[in-house]
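Please arrange chain B on chain A, whose structure you already have, making use of the hints.
There are 2 protein chains.
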Amino acid sequence: MINQDYFINLAKEKTGDAIQTVAVAAPHDLATLESLRNAVDLGFTKVILVGDENIIKSVAEEANLDISDMELVHAENLADAAQKSVDQVNAGKASLIMKGLIDTSVILKAVVKKENNLRTGNTLSYVGILFNEDRDKYYLTSDGAMLIAPDLAQKKGIIENVVDVAHALGNEEPKIAMICAKEKYYEKMPATVDAVALQRMNQEGEITGCLVSGPLQMDNAVDLHAVEVKGIDDPVAGRADILVVPAIEAGNILLKTAKYLGGWTFGGIVVGAKVPIVVCSRSDGESAKLVSIAVSCMLSARNAQK
Amino acid sequence: MINQDYFINLAKEKTGDAIQTVAVAAPHDLATLESLRNAVDLGFTKVILVGDENIIKSVAEEANLDISDMELVHAENLADAAQKSVDQVNAGKASLIMKGLIDTSVILKAVVKKENNLRTGNTLSYVGILFNEDRDKYYLTSDGAMLIAPDLAQKKGIIENVVDVAHALGNEEPKIAMICAKEKYYEKMPATVDAVALQRMNQEGEITGCLVSGPLQMDNAVDLHAVEVKGIDDPVAGRADILVVPAIEAGNILLKTAKYLGGWTFGGIVVGAKVPIVVCSRSDGESAKLVSIAVSCMLSARNAQK
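Taken in sequence, the protein lines are chains A and B.
Residues in the first sequence are numbered from 143 upward in steps of one, following our numbering.
Residues in the second sequence are numbered from 143 upward in steps of one, following our numbering.
Take the hints with a grain of salt, since some may be wrong.
Copies of the same chain are indistinguishable here, so a pair counts whether it falls within one copy or spans any two.
[Said to hold, decoys possible] Here are the simulated DSS-like cross-link-like pairs (lysine-lysine), alpha carbons at most 25 Å apart as the crow flies:
{"#": "1", "residue 1": "Lys251", "residue 2": "Lys416"}
{"#": "2", "residue 1": "Lys324", "residue 2": "Lys448"}
{"#": "3", "residue 1": "Lys298", "residue 2": "Lys330"}
{"#": "4", "residue 1": "Lys256", "residue 2": "Lys298"}
{"#": "5", "residue 1": "Lys317", "residue 2": "Lys298"}
{"#": "6", "residue 1": "Lys324", "residue 2": "Lys251"}
{"#": "7", "residue 1": "Lys251", "residue 2": "Lys317"}
{"#": "8", "residue 1": "Lys251", "residue 2": "Lys372"}
Treat the hints as calculated values from the structure; they're not laboratory data.
Just chain A, same shape as in the assembly:
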């Protein structure tokens, strides 16, 4: 059954004794602190709270939330919280970062800062984890939140990053659909042109560890009946594990349509730096946060093994 527990149990199984530690920048709201409390209690992560000591303590006290087993690092302001979270990584104390009540851009600024040495040369991109217990299914989606209109090289980076996540989740040969508005090459639609190029790169061994197919439309990526009606003969069609979109609006709409019109849940992480960054937002529920932490822990654990 694909639900919150599925990802949590998988994280425990995949990380084993190598429990990962998350440095949380500005956990100044109860929802973030509660999700961290749960993550610690569930036994799949350790926590360093990096932010305003007074705020963190008073939010926890007011809700009678025990945070005594979490390390607390004081930060003067939000930029300082971001920097000190990065410092925890560089000191080898944390292997993932999570944003609390702070803009993603403030965290990313610290991550990409040259002196902080967290870049790897890879593209930084967003991976959405979209799941639904009733449908017993999850998809990884990318990008949809970071790269506005990725070019071909950036799309290759997007694929490499999301493939890393799929591998960390135990899917060693994920099926990737390049989502377009047509399932045929059409020179007036740049997304289809890129999709064909990326499928070719995969076939020629330039993109590995996955099966890339495209262009495909959303229905022909996820629905076998729609694939039959259209007579598409393709190993990814109807069976995609990963949905790669052409531009930020397409990916953002995919996740939010599934959530708000379809009742799915999604979490999200930024991938491509030395450590994953959990970037859930305030309106995300408990499941979204826990699953995002769990997936990031698996990714960190796998990176450590490389």
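Quick look at chain B alone, frame taken from chain A:
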């Protein structure tokens, strides 16, 4: 209750005695013929079948489907079927066109052909009708199937067309959300720049008969709780009737994610020519076809009154 019957009853109410006639190009498959049979039986449209007489008759006979009360115009091939469907409009016999087993592009080629005189000077755009009985809700979405990467002028045309449809459905002041991946103006995201411009055009009376707001994200367009969490103060936010997307992939993904991951139904029509064109595809179910015909009938009836 927003379901198939809602649109059918609305079509009967709005068109009254002015029952519209649909010219169907190449109704060579049973699904199309059955939906036309239902539409006639439900009393909201008349039908002219334009296609290969032998195919149409044998498909109907094989399924024991009575088409004796539908006019039949023989066409030699698909292009001929498209042309003769247009001819029915120009002869004043039909006020809407529907595609059967024929590519949309073949129909549109006949529609835009100068000699056929069906263009009005307006942008041609696609309007999706997305509805869900369980949620008791429908949205109009545009474009998502015709204009690949519309510029500002084309987006204005998209809005004018979809507003016409909303008016035909009885919503005289529809709330339009310009869907982006951010709800703030951001100069590096062209979709947000256009959204601001279009909202301004609406405020200054250049786009009328609706309330345009943007940029908005999908959640902040359709979900009041998400609007509260973000503290957005906007009359459209959370209450949008119409979702206008920045590019074809975004709209295509919106409709298909809602359908295939969320269980919604959608039909679609092309608007902006002298008559609406129903462009459902083979994999669309009965409801999608009937609702698309019903909405087109209302639009034709309203156009006739102008």
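Same-copy or cross-copy closeness of lysine 324 to lysine 251 [CA-CA at most 25 Å]: Only across copies: lysine 324 and lysine 251 sit 19 Å apart there, 37 Å inside one copy, limit 25 Å.
Identical-chain pair category, lysine 256 with lysine 298, by Cα at 25 Å: For lysine 256 and lysine 298, only the intra-copy Cα distance (23 Å) is at most 25 Å; the inter-copy one is 44 Å.
Homomeric proximity label, lysine 251 with lysine 416: Cα distance no greater than 25 Å: This pair counts as within: shortest intra-copy Cα distance 14 Å, inter-copy 53 Å.
Intra- versus inter-subunit Cα pairing at 25 Å for lysine 251 with lysine 372: between (46 Å within a copy, 23 Å between copies)
Intra- versus inter-subunit Cα pairing at 25 Å for lysine 251 with lysine 317: For lysine 251 and lysine 317, neither the intra-copy (33 Å) nor the inter-copy (37 Å) Cα distance is at most 25 Å.
Within, between, both or neither: lysine 324, lysine 448 at alpha-carbon 25 Å: Neither way: lysine 324 and lysine 448 sit 38 Å apart in one copy and 36 Å across, limit 25 Å.
Lysine 298 and lysine 330: within-copy, between-copy, both or neither at 25 Å Cα: both (21 Å within a copy, 22 Å between copies)
Alpha-carbon proximity context of lysine 317 and lysine 298, limit 25 Å: Answer is within: at 15 Å inside a copy they meet the 25 Å cutoff, but 39 Å across does not.
Taken one by one, the earlier hints fail for this structure at numbers 2 and 7, listed in ascending order.
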